[in-house]
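There are 2 protein chains.
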Amino acid sequence: MINVGIIGFGTVGTGTAKILLENNDVIEEKTGLQVNLQVIADLDIKRDRGVKIPDGVLTREVSDVIDNPDIHVVVELIGGIQPAKDFILRALSNGKHVVTANKALIATEGKEIFAEAEKNSVSVGLEAAVAGGIPIIKVLKEGLVANRILSIYGIINGTSNYILTKMTDDGIDFSDALKEAQSLGYAEADPTLDVEGLDTAHKLAIISSLAFGIPLSYDRIHIEGITKLTLQDIEFAGELGYKIKLLAIAKSVNGEVELRVHPTMIPENYLISRVDGVLNAVYVMGDAVGETLYYGRGAGDMPTGSAVVSDIVDIAGEIENRGISSHGIEFIGKRSDLKIKAIGDIESMYYFRFTALDRPGVLSRVSGILGEYNIGIAAVIQKGRRAGAAVPLVVLTHKARERDVQKALQEIDRLDVVADRTAFIRVEGEETEGLND
Amino acid sequence: MINVGIIGFGTVGTGTAKILLENNDVIEEKTGLQVNLQVIADLDIKRDRGVKIPDGVLTREVSDVIDNPDIHVVVELIGGIQPAKDFILRALSNGKHVVTANKALIATEGKEIFAEAEKNSVSVGLEAAVAGGIPIIKVLKEGLVANRILSIYGIINGTSNYILTKMTDDGIDFSDALKEAQSLGYAEADPTLDVEGLDTAHKLAIISSLAFGIPLSYDRIHIEGITKLTLQDIEFAGELGYKIKLLAIAKSVNGEVELRVHPTMIPENYLISRVDGVLNAVYVMGDAVGETLYYGRGAGDMPTGSAVVSDIVDIAGEIENRGISSHGIEFIGKRSDLKIKAIGDIESMYYFRFTALDRPGVLSRVSGILGEYNIGIAAVIQKGRRAGAAVPLVVLTHKARERDVQKALQEIDRLDVVADRTAFIRVEGEETEGLND
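Taken in sequence, the protein lines are chains A and B. Residues 433 to 869 in my numbering are what the first sequence spells out, letter by letter. Residues 433 to 869 in my numbering are what the second sequence spells out, letter by letter.
With the rest of the complex left out, here is chain A (with noise of 0.2 Å):
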């Protein structure tokens, strides 16, 4: 018999506690391991969650938890740096396995965790705190472990989805799209870690340190959200065959690796392009099994749930045989000698709109300056001419380097036929033929 303490009875931790509850049958027919709910702490516990729960398994009083000698496992749901950090630190010097959601202070705090656990020969288990109910750390740490994983794609963020779906399918912006979402529940009063593309970055953090075995390093992804994303880009987008979508990026190539979260024109014919509303999928492309992917939802109670009780039976099992392997975690800061690349240095296909004024020659001018920075062009769009008056003149390049792409920019922008600022966004997909190769 396993026994669970759960810190935080929000969302996740009523999810996990119905399914310890309700589930416990099948999951010991499963596995012939006993897993006990043993105590729930929380500042709240009067409040109707829509669960029964047991007598005497609520507690105001977190030390019941993690002091507690009885319990084996202990489950931190309640989110944020602090105090969540110290509880999951004492709960492993006591000797406890830690299973979390937690993906801000996984990516930023998770070395001084790890070593922790390390230190007292427990696991920590990560699986709730990327994309909820896929067993995308389990993949990674083991359905993949025979593979040098060369690239990831992820949508990873269902509110930053959502929104973009909004905004495809029915044509209102950003704004509305937010509310919409806000209304639903799906995005919070203060919607910048989603929509800013932070949350993103936090899980990507952690899935490209399984990957590829590079420390923990959020701070080295470069980050852009959805908020200044226009419905006309999208339009323009949709003309050229592609979606946009806020897509957490991992390449790995030639000993270096790339790192970002941004919007990304993906062919609208790509699997990953027709994962729309609040839904998470993840690609994964391994030297050995190709391409693979990996699709369901992201968050919510249930599909979370499910996630931090997959990581409790596994830890289960290892308390039961005796034998506790941390798997994968330990690669986490193994290839630190990876280089990760400065997004001036990345190569990539590119979207521009430029807000051009329709007077002759403005189209020679702007390729132009990019044929000087080697910047190729796959394709334009210019329409509804009015003359004199600033109109869109949409480019798609072929791969160019992101430096070079900001320096033509900047000088494009200070031409005096460019009335407004270029909008770009970096596009994935085959390359195809081009205008000037």
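Think of the hints as simulated: they come from the structure by calculation, not from any bench. Any given hint could be a false lead.
Remember, identical chains collapse to one label, so a pair may be satisfied in a single copy or spanning two.
As the list claims (entries may be wrong) - Below, simulated DSSO-like cross-link-like pairs (lysine-lysine); rule was C-alpha separation at most 30 Å, straight line:
{"id": "1", "residue 1": "K766", "residue 2": "K484"}
{"id": "2", "residue 1": "K771", "residue 2": "K543"}
{"id": "3", "residue 1": "K551", "residue 2": "K766"}
{"id": "4", "residue 1": "K484", "residue 2": "K683"}
{"id": "5", "residue 1": "K660", "residue 2": "K598"}
{"id": "6", "residue 1": "K598", "residue 2": "K815"}
These numbers were taken from a predicted model, which means no experiment stands behind them.
Chain A is fixed; fit chain B onto it per the hints.
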């Protein structure tokens, strides 16, 4: 150091050997485990497989693997029932763990193999037996361990999916698409196992037993292949907004399980409808996690080798930690109380293509018979009128009972206005508003 012996140096054996030799470093970095490819047995040890095998590893004697006291894990990759079964049983009785990609053997003789493994306290790894590189076995056993599985829909035969994709996208008929698949090496000279749905059913037997705890039930699966599908039906399906895929379907409803393999119409906006070519995907619905989908290559040397090696590494971890958890395998057969439905008892939506003579009153006679059997009509397509000649009359139904459908079709096919046997395809997806409710 864990010593591995492979039996069968064919496609998957070669991929497995490559991975064990070339990715050994990254596997050790990830897990701390040393996995040593000690011996490969095959009748042909001369042919160049494009991988450099160290001296002394190749042997023509299978006993160098299964009776070798140094070998911890025996990997069976020869396929077929015999002698694979005897080799596996002998390896197990020698106390060796076994990893196999042999779906036909596990689906039909798994009970005996699992019993022998249990008797000797060793593991049997099956990841490579279903969906190649997609870690679907691990997902079912571990990642979704917290869930009662509600349903599974799988595209798990790349050959059939390639043929259907060709028929759909290029408008070529079954036999031409099959020839193309054969010329590309995607289909065997005798394609029966693939195109008649038997291979899909082997895999369905394995995943349904892991998902629901039923005994391996290959002989209870209703199986229809893709050989009778016509371009006409694929086109009508497209017109109605559906794709046709060969699906493995397992559903648990009220203590009863449906197990079936047949061409299925799926709404074209479902993610699984976009899984084309030789790619595989498995959709799994769990009571906690909701809908999830796993996508990747279902065959080939390296993808399948990736799965084989993930099993080897899992077992190596168990050996090193001196704790063997057959985690999930023991679930198989525990729920032998679950009744497997006869095909006549299932409920589904249906597509019918009647070959009707274009005479007044045909639709009324056909729909009258459908009405008598409580089969509601959701959509009708009738085109290409040629008075007195046979024309297709296409009907999409609401949910109806298969037994009623079979009876209604028998009656309809006896009508003097019906010139040929009615084509019918089962339809999955949401019910749509209909004509007669």
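Verification of the supplied hints:
| no. | hint | result |
| --- | --- | --- |
| 1 | K766 / K484 | between (45 Å within a copy, 28 Å between copies) |
| 2 | K771 / K543 | within (18 Å within a copy, 50 Å between copies) |
| 3 | K551 / K766 | within (17 Å within a copy, 40 Å between copies) |
| 4 | K484 / K683 | between (46 Å within a copy, 29 Å between copies) |
| 5 | K660 / K598 | within (15 Å within a copy, 41 Å between copies) |
| 6 | K598 / K815 | within (25 Å within a copy, 37 Å between copies) |
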